[in-house]
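Visitor: In order, the protein sequence lines correspond to chains A and B.
Here our numbering is used: position 201 in the first sequence is 201, and no number is missing along the way.
Here our numbering is used: position 187 in the second sequence is 187, and no number is missing along the way.
Watch out, some of these pointers could steer you wrong.
[Claimed, not checked] Below, computed lysine-lysine pairings styled on DSS-like, alpha-carbon distance capped at 25 Å: (1) Lys163/A x Lys358/A; (2) Lys118/A x Lys106/A; (3) Lys191/A x Lys224/A; (4) Lys437/A x Lys382/A; (5) Lys118/B x Lys230/A; (6) Lys44/A x Lys118/A; (7) Lys247/A x Lys118/B; (8) Lys403/A x Lys359/A; (9) Lys359/A x Lys163/A; (10) Lys118/B x Lys106/A; (11) Lys359/A x Lys76/A; (12) Lys224/A x Lys139/B.
[Stated by the list, open to error] Just the calculated beta-carbon pair ranges, DEER-fashion: (13) Trp65/B x Pro330/A: 28 to 36 Å; (14) Thr265/B x Glu373/A: 49 to 57 Å; (15) Ile153/B x Asn402/A: 30 to 38 Å; (16) Gly108/B x Asn434/A: 54 to 62 Å; (17) Ser401/A x Gly173/B: 55 to 63 Å.
By construction, these hints were calculated from the structure, which means they are not laboratory data.
The model shown is predicted, which means the values in this text are computed figures rather than measured ones.
Where a beta carbon is used, it is the ideal one built from N, C-alpha and C, also for glycine.
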Amino acid sequence: MSQDSQPRKNSRFHLTVFALIAMLTAVLSVGTPAPAQAEDGTFKLGLVTFLSGGAAGPFGVPARNAAELVIEAINKGTLPAPYNSIGIAGQAIEPIIIDEAGGGTKQVGEYRNLIQRKNVDAVIGYISSGDCMAIAPVVEELETLTVFFDCGTPRIFEDNKYKYLFRTGPTSTMDNVAAARYVLDINPDLKSVSGINQNYSFGKDSWADFKGSIQTLKPSVEFKTEQFPKIYAGQYGAEVSSLMLEKAEVIHSSFWGGDMEGLVLQGAARGLFDDFTGVFTCGETGMFRLADQIAEGTILGARGPFGVYAPKSPLNDWLRKNFMARYGTPPTYPAYKMAQALMGLKAAADKAAATAGKKPTQDEIIAAFTGLEFEGPGGTVKMALGNGHQAVQDMYYGQYSNKNGKPTMTNVKRYPADCVNPPDGVTSTEWIKNGLKQASCK
Amino acid sequence: MDTLLVILIDGIVYSSWLFIVAAGLTLVYGVMKILNMAHGSLYAIGAYSAASMVGWYFTNGYVPWASYLVFLAAAILAGAFAGLLIERGLLRVMYGRDEVVMILVTYGVLLILEDVIKLLWGVEAYFAYQPYSLVGRTKLLGITFANYDFVLIAAAVVIGAMLWAGLNRTIQGKLLRAVIHDRDISMAMGINVKRTFFVTFVLGSALGALAGGLTAPALSVVPGIGIEVGILAFAVVVIGGLGSVGGAAVGALMVGIARAIAVHTYPQVELFVIYGVMAMVLVVRPQGLFVSTVARKI
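Bound-form chain A, shown alone:
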């Protein structure tokens, strides 16, 4: 007769529960049924964006909506010039939409599935920097043209060279170097800064770039508290108290999505951003949703010349008008970046087709894409970094105002792409550390 003790039973019990908790991170995925093998005249395009989880509402769904809108227009040939020809190199786009939720390991599996089982011609996708880091090496292995449209980490093209991989959205380095310049432009006497960023690669990189840029541009600035709460933490009471106690003039945050909105709400309830100037590098997505909660003078970024910062152009007018008409809300930056990626792919494929005089091969599209300069709804995009695979664009920042009941950005400043991006071949970290050399800010 044996007699086990309760603690031993508890240990097995806890182990089982821990295993289940680990599985929770891989919850929630939405796939689409595999369509029939591509027919002649269609371009099968895998689209990967968040359809569930905290990033779906502010990022994934607007991006998916923009994709549907732009693909429909490309297939009908109703986009403004220079995209007013039908299809991609004459082929109608057949989209296959995949949910990005579930983490890097799951996404690698989904990516392989897109290429090897669904036989897509190209993939556009990925919002999470973690997913981009996981997918990048697989792109070269599977040798299929892939375009990252949103993820921000500069390490993708700084650490490696790629043939099949492109990114049409700017890096987070641009967001944070421009934020540092903007903060000092509007407050040259700046004395102190604090930061609250998520505890993962995007948050850490963003803070390092911002802090490094401030240290380079104005070494006398004092850095107070540096908060790194867990991503999706939701509750920031202690962090807000710490930021208030430290009394830095400026509080930098690269929070995005629900975390950013939660911080804005909790900060607003305690007057944090009334007393200290908030810099939200990804804040534009909450500008209309939280119009009466964002403090006057808060600095908001849109991760490029997107959303309210997009310069007037026929492409921008078309996107705003049609997005608003169909979805009842203005397009925010993820929508712009998805539209931009689709236009970049079409520009490259159409250019390759014009050169080849026939349906272009993948290598011909890649050759045309490399170093390409094309127009997007956010203005001119130059594939200038990463040996012509990484985009750069102008960057804008402004201060939020809702004085007349209409959310607007005031005191808007433009920073040319060459002012806020490192020269090709120089890593962001080295560039910032060595004094932002060769930056052309005129």
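Given chain A's structure and the hints, the job is docking chain B onto it.
Guide: Chain B only, in chain A's frame:
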């Protein structure tokens, strides 16, 4: 000194939230021996119900102060209804199975509820911030606190007191404790154990949803908010001892204070501190702080 007091206040506010979340989880385990993995989803259902109700309420311009009653009632009712459906529709036919099997069952419920939430509310964020700022702010120790956070502390005290009084000062509570001690003997003594299970699960679910409802005004209510919370609640009840309401209160306090100390003194370790506390407690007392070692019956 001021910083110490701020740490204490921040810790107690966070602990209060954690306790409200964990109370339902530990109650259900104490009575039913079911570790409800779907507890976080019930929290999310409460948050969504409250946020929807706040949106409707303020759009129609009703008296702002009464909104508290409306959104909290919505959260409690939604949680109780979900609990009722889960207990009657699924758990009732599973009673008597091994605890690990019940964990898998409730994990399945979690997956279902996450999709149900998406079906009902979509993936867009919901906001319910009006009640958060309605009660104003208080300047204390040189910084500003939201009075709503103090309401949260009061809510935790009231919920804790009601649970204690319900378990220790009522006939139903005595019956419940009898079931906790030995369900077979309780059944032999004529206690309707299945009805006790039903009431407990509905109550636990309503408590989980109430926690979501109380938190909704400070959050962007988005899909998946319950998953992280469920993990935190699990950490709290493991520290206190599975099934102990008092243990959940102490576990919540330990985690809350430890997290506040980390945020104010060494923010880089905030990510690990909660699980660090849990690991240290488990090393010393694998059964949790407030559960005594009991020889296994054979």
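Visitor: Measure nothing beyond the straight line between the CA atoms of lysine 118/B and lysine 230/A; if it is 25 Å or shorter, mark the hint as holding.
Guide: holds (24 Å)
Visitor: For lysine 118/B and lysine 106/A, compute the direct alpha-carbon distance and say whether it is at most 25 Å.
Guide: Answer holds: lysine 118/B to lysine 106/A is near 20 Å, not above 25 Å.
Visitor: If I claimed the Cβ atoms of threonine 265/B and glutamate 373/A lie 49 to 57 Å apart, would that claim hold in this structure?
Guide: Holds: the Cβ-Cβ distance is about 50 Å, inside 49 to 57 Å.
Visitor: 30 to 38 Å was suggested as the range; check whether the CB atoms of isoleucine 153/B and asparagine 402/A agree with it.
Guide: Because 32 Å falls inside the window, the suggested range holds.
Visitor: Take a quick look at whether lysine 359/A and lysine 76/A sit within 25 Å of each other, Cα to Cα.
Guide: holds (18 Å)
Visitor: For the hint 54 to 62 Å, verify it against the beta carbon of glycine 108/B and that of asparagine 434/A.
Guide: Distance hint for glycine 108/B, asparagine 434/A holds at roughly 55 Å.
Visitor: Hint check: lysine 118/A vs lysine 106/A, CA-CA at most 25 Å. Holds or violated?
Guide: holds (17 Å)
Visitor: Are the Cα positions of lysine 224/A and lysine 139/B separated by 25 Å at most?
Guide: holds (22 Å)
Visitor: Is 55 to 63 Å a correct range for the gap between the Cβ atoms of serine 401/A and glycine 173/B?
Guide: This hint holds: roughly 56 Å between Cβ atoms.
Visitor: Has the given pair, lysine 403/A with lysine 359/A, been kept, meaning a C-alpha gap of at most 25 Å?
Guide: With a Cα-Cα distance of about 54 Å, the restraint between lysine 403/A and lysine 359/A is violated, given a limit of 25 Å.
Visitor: Are the Cα atoms of lysine 247/A and lysine 118/B separated by 25 Å or less?
Guide: Given that 25 Å is the threshold and the Cα spacing comes to 40 Å, the pair is violated.
Visitor: Taken at face value, is the distance from the CA of lysine 358/A to the CA of lysine 163/A at most 25 Å?
Guide: holds (22 Å)
Against the hints set out earlier in the document, violations occur for numbers 7, 8.
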